[in-house]
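Engineer: Kindly generate the complete structure, drawing on both the sequences and the hints.
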Amino acid sequence: MARPKSPHPTELELEILKVLWDEAPLPVRTVRVRLESKAGRTLAHSSVITMLNIMFDKGFLSREKAGKSFLFSPRVQKDQVAGGFVGDLLSRMFDGNPSAMVLNLLESTDLDASELGEIRKLIARKAKERKS
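Numbering of the sequence shown is given in my numbering, commencing with residue 11 and proceeding in unit increments.
Each hint can be trusted.
DSBU-like cross-link-like pairs, simulated, lysine-lysine; straight-line CA separation at most 30 Å:
id: 1; residue 1: Lys141; residue 2: Lys131
id: 2; residue 1: Lys88; residue 2: Lys28
id: 3; residue 1: Lys48; residue 2: Lys88
id: 4; residue 1: Lys75; residue 2: Lys28
id: 5; residue 1: Lys78; residue 2: Lys28
id: 6; residue 1: Lys131; residue 2: Lys28
id: 7; residue 1: Lys48; residue 2: Lys75
id: 8; residue 1: Lys131; residue 2: Lys88
id: 9; residue 1: Lys15; residue 2: Lys88
id: 10; residue 1: Lys88; residue 2: Lys136
id: 11; residue 1: Lys48; residue 2: Lys78
id: 12; residue 1: Lys88; residue 2: Lys68
id: 13; residue 1: Lys136; residue 2: Lys28
id: 14; residue 1: Lys68; residue 2: Lys15
id: 15; residue 1: Lys28; residue 2: Lys15
id: 16; residue 1: Lys88; residue 2: Lys75
id: 17; residue 1: Lys28; residue 2: Lys48
id: 18; residue 1: Lys78; residue 2: Lys68
id: 19; residue 1: Lys15; residue 2: Lys75
id: 20; residue 1: Lys15; residue 2: Lys48
id: 21; residue 1: Lys88; residue 2: Lys141
id: 22; residue 1: Lys88; residue 2: Lys138
id: 23; residue 1: Lys68; residue 2: Lys28
id: 24; residue 1: Lys48; residue 2: Lys68
By construction, these hints were calculated from the structure, which means they are not laboratory data.
Structural biologist: Spelled out as structure tokens, the structure:
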């Protein structure tokens, strides 16, 4: 039985999105070179074309004709993708309880005083926004 399609990008799709979030639009060749430098190994040009076309079909990317090839750009924003992953984690792992998720983050991560201070500021700002 086939695995159900996820609304979230796969690991490789996420790497491609990271390349395109940094700079877009890009041709296939440039995407492949950037992926290879991150992965430290060569990738088949045809495999990268296939992945980009799959991501286009899924709605993650847009493409525009440029001569004989295409230029690819992300159709989804980084915060949109991150929000989807966080929402899924919150729902599946923490039964929708954000306090439990934040507590787990605080207990499982070695945060220094400045990072904790920044988190406090973010929480205070969000609380202030909710009041107004």
